[in-house]
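Visitor: If you want the building blocks of each chain, they are given just below.
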Amino acid sequence: MVTPDEVFNKNDAVSNSDEMRAVLFELLSQVEDPEIPVVNIVELGIVRDIIVGSPVQIILTPTYVGCPATHMITQMVRDKLDASGFGEAEIKNQLSPAWTTDWITTEAKAKLKAYGIDPPAHSHTLSELKAIATCPRCGSTNSKLVSEFGSTPCKAFYTCKDCLEPFDKFKCH
Amino acid sequence: MNSSPNFIGAMIPAKPETNFVLRCADNAMILGQRLSEMCGHAPELELDLALTNISLDLIGQAGLLYDHVQTLEKLAPNADVLALTRDQNAYLNCLLVAQPNVDFAHIVLRQYLFSTFQKRQYEALLSSSDETLAAIAEKSLKEIAYHIRFAKDWVLRLGDGTEDSHERMADALDCLWRYSGELFEKDSVLAAAIDAGLLTDFTDKYEAWQIEVVALLAEATLTPPDDTHMLKGGYQGHQEDHLGHILTDMQYMQLKYPSLQW
Numbered sequence: 021m022v023t024p025d026e027v028f029n030k031n032d033a034v035s036n037s038d039e040m041r042a043v044l045f046e047l048l049s050q051v052e053d054p055e056i057p058v059v060n061i062v063e064l065g066i067v068r069d070i071i072v073g074s075p076v077q078i079i080l081t082p083t084y085v086g087c088p089a090t091h092m093i094t095q096m097v098r099d100k101l102d103a104s105g106f107g108e109a110e111i112k113n114q115l116s117p118a119w120t121t122d123w124i125t126t127e128a129k130a131k132l133k134a135y136g137i138d139p140p141a142h143s144h145t146l147s148e149l150k151a152i153a154t155c156p157r158c159g160s161t162n163s164k165l166v167s168e169f170g171s172t173p174c175k176a177f178y179t180c181k182d183c184l185e186p187f188d189k190f191k192c193h
Numbered sequence: 362m363n364s365s366p367n368f369i370g371a372m373i374p375a376k377p378e379t380n381f382v383l384r385c386a387d388n389a390m391i392l393g394q395r396l397s398e399m400c401g402h403a404p405e406l407e408l409d410l411a412l413t414n415i416s417l418d419l420i421g422q423a424g425l426l427y428d429h430v431q432t433l434e435k436l437a438p439n440a441d442v443l444a445l446t447r448d449q450n451a452y453l454n455c456l457l458v459a460q461p462n463v464d465f466a467h468i469v470l471r472q473y474l475f476s477t478f479q480k481r482q483y484e485a486l487l488s489s490s491d492e493t494l495a496a497i498a499e500k501s502l503k504e505i506a507y508h509i510r511f512a513k514d515w516v517l518r519l520g521d522g523t524e525d526s527h528e529r530m531a532d533a534l535d536c537l538w539r540y541s542g543e544l545f546e547k548d549s550v551l552a553a554a555i556d557a558g559l560l561t562d563f564t565d566k567y568e569a570w571q572i573e574v575v576a577l578l579a580e581a582t583l584t585p586p587d588d589t590h591m592l593k594g595g596y597q598g599h600q601e602d603h604l605g606h607i608l609t610d611m612q613y614m615q616l617k618y619p620s621l622q623w
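Residue numbers (this note's numbering), protein chains in the order written: chain S, 21 to 193; chain R, 362 to 623.
Errors might be hidden in some of the hints.
Stated by the list, open to error - Think about it this way: if two alpha-carbon atoms lie no more than 30 Å apart in a straight line, the pair counts; the simulated DSS-like pairs of lysine-lysine are:
#1 R:Lys547 - R:Lys617
#2 R:Lys566 - R:Lys376
#3 R:Lys566 - R:Lys480
#4 R:Lys435 - R:Lys617
#5 R:Lys593 - S:Lys112
#6 R:Lys547 - R:Lys480
#7 R:Lys513 - S:Lys181
#8 S:Lys131 - S:Lys100
#9 R:Lys617 - S:Lys129
#10 S:Lys164 - R:Lys503
#11 S:Lys181 - R:Lys617
#12 S:Lys112 - R:Lys480
#13 S:Lys112 - S:Lys164
#14 R:Lys513 - R:Lys503
#15 R:Lys617 - R:Lys566
#16 R:Lys566 - S:Lys133
#17 S:Lys181 - S:Lys164
#18 S:Lys112 - R:Lys503
#19 R:Lys566 - R:Lys513
#20 S:Lys100 - S:Lys164
#21 R:Lys513 - R:Lys547
#22 R:Lys480 - S:Lys164
#23 S:Lys133 - S:Lys164
#24 S:Lys131 - S:Lys181
#25 S:Lys129 - S:Lys112
#26 R:Lys435 - R:Lys513
#27 R:Lys480 - R:Lys513
#28 R:Lys547 - S:Lys164
#29 R:Lys376 - S:Lys112
#30 R:Lys513 - R:Lys376
#31 R:Lys617 - R:Lys480
#32 R:Lys503 - R:Lys617
#33 R:Lys376 - R:Lys593
#34 S:Lys181 - S:Lys133
#35 R:Lys593 - R:Lys547
#36 S:Lys131 - R:Lys503
As the list claims (entries may be wrong) - Cβ-to-Cβ under 10 Å is the rule here; a few derived chain S residues that face chain R:
#37 Trp123
#38 Thr126
#39 Ser167
#40 Cys183
Note that these hints are calculated values from the structure, not bench results. Bear in mind the structure is a predicted one, so any value in this text is a computation, not a measurement. Don't be surprised by glycine CBs; every beta carbon is placed ideally from N, CA and C.
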């Protein structure tokens, strides 16, 4: 991986900014979600953009407006930037377009499933709020909603009626 | 401890736009606080989680809205002081949100009436001339969809439930219906905010809202009282004692230790 110093020392302005952007995305993908540590904030779609300029701007978006992890994520990004030679970078929070679970990458959805969380359905189901929950352990769709609101704002709680295991479902948003 | 009077209270908004955003912030804050009283007290663990999650969403909205009020008119040294240290009659929430948690029937009906109203109000903000406000509304509407679903399911289940649950829902409706008129009232502040392009006129959705709500209530075997005298005034700061009781709890730390930081 290219280090921040190596990027700064290059002369070619164009490749410099592209490369720096890639370095920063790579850097921020080391920041785990504080609630679900198997996924990082880039693949969750929380890092909306990185604008290379002076200063560098990191654009973040909150998942839920009251999610306590939002402040923690901002602090973790700050710490990561400071520790990696990007202390000058600015962090901006942007609300619009509103975060959607459709921005979670396919890879991250697979990680959620392996972690025992049924990944979100496509957001077009939001209007009906009738997403089918699939047990992340046995794959059965024969499940029962236990609680519409779970341990974090982003999850609902189900029980599989086939393997009888309880599981979280990432709510579509 | 710094007991500077600057850290208690806030100025009254001069612009109707600020006043309107403060109303939205206070609605979210006061209902969020009211719901948070249920933490550890709901009838079941799952309902405890639901009520506190909805509370969290609302307090999140309030945080963004108070921050935004401060950018429109700096009413207080910071958003916390604005949110947490005003006198009772400087709060501009509608009366409905401060109504007490009498029982679970009151809680879910209050939520249903409020969230279905809030959905229409926030939809009217999506094309706002104020981009931040539109973004807050866009973001919050996704969460409101879940609030409505939760409240609606329980209104149906309890209204069309046992004799006891039906009676409790009927009692809640008798108590709360009189606060529904204020939600869609167009006073001079709201009219000026609409004229300024802050939001489209959602008050003409009152009838459609009533039709939708009355239909759901009918499905729940409930009928709103006839010819109710609608109670209003919260948006103008004429608050009932219920808000005072919320504030004694909500403001305790900030008034005891002004300018405190966590």
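Visitor: Each of the hints needs a verdict: does it hold here or not?
Guide: Hints versus structure:
1. R:Lys547 - R:Lys617: violated, 37 Å
2. R:Lys566 - R:Lys376: holds, 25 Å
3. R:Lys566 - R:Lys480: holds, 11 Å
4. R:Lys435 - R:Lys617: Between R:Lys435 and R:Lys617 the Cα gap is close to 23 Å, so the pair holds against 30 Å.
5. R:Lys593 - S:Lys112: Given that 30 Å is the threshold and the Cα spacing comes to 40 Å, the pair is violated.
6. R:Lys547 - R:Lys480: holds, 17 Å
7. R:Lys513 - S:Lys181: The hint holds at about 26 Å.
8. S:Lys131 - S:Lys100: holds, 23 Å
9. R:Lys617 - S:Lys129: Cα-Cα ~47 Å, so violated.
10. S:Lys164 - R:Lys503: holds, 23 Å
11. S:Lys181 - R:Lys617: violated, 52 Å
12. S:Lys112 - R:Lys480: holds, 27 Å
13. S:Lys112 - S:Lys164: Roughly 40 Å separates the two Cα atoms, so the pair is violated.
14. R:Lys513 - R:Lys503: Holds. R:Lys513 to R:Lys503 sits at ~16 Å (cutoff 30 Å).
15. R:Lys617 - R:Lys566: With Cα atoms ~43 Å apart, R:Lys617 and R:Lys566 exceed 30 Å; violated.
16. R:Lys566 - S:Lys133: violated, 42 Å
17. S:Lys181 - S:Lys164: holds, 7 Å
18. S:Lys112 - R:Lys503: holds, 22 Å
19. R:Lys566 - R:Lys513: holds, 19 Å
20. S:Lys100 - S:Lys164: At roughly 41 Å apart (the allowed maximum being 30 Å), S:Lys164 and S:Lys100 break the hint.
21. R:Lys513 - R:Lys547: With a Cα-Cα distance of about 26 Å, the restraint between R:Lys513 and R:Lys547 holds, given a limit of 30 Å.
22. R:Lys480 - S:Lys164: Since the Cα atoms of R:Lys480 and S:Lys164 sit roughly 28 Å apart, the hinted pair holds (cutoff 30 Å).
23. S:Lys133 - S:Lys164: holds, 18 Å
24. S:Lys131 - S:Lys181: holds, 23 Å
25. S:Lys129 - S:Lys112: holds, 26 Å
26. R:Lys435 - R:Lys513: Distance of about 38 Å is beyond 30 Å: violated.
27. R:Lys480 - R:Lys513: holds, 14 Å
28. R:Lys547 - S:Lys164: violated, 44 Å
29. R:Lys376 - S:Lys112: holds, 28 Å
30. R:Lys513 - R:Lys376: violated, 36 Å
31. R:Lys617 - R:Lys480: violated, 36 Å
32. R:Lys503 - R:Lys617: violated, 37 Å
33. R:Lys376 - R:Lys593: holds, 21 Å
34. S:Lys181 - S:Lys133: holds, 18 Å
35. R:Lys593 - R:Lys547: Between R:Lys593 and R:Lys547 the Cα gap is close to 11 Å, so the pair holds against 30 Å.
36. S:Lys131 - R:Lys503: With a Cα-Cα distance of about 25 Å, the restraint between S:Lys131 and R:Lys503 holds, given a limit of 30 Å.
37. Trp123: Constraint on S:Trp123 not satisfied, violated at 13 Å.
38. Thr126: Hint violated; S:Thr126 Cβ to chain R Cβ min 22 Å, cut 10 Å.
39. Ser167: Interface hint status for S:Ser167: holds (4 Å vs cutoff 10 Å).
40. Cys183: Constraint on S:Cys183 not satisfied, violated at 21 Å.
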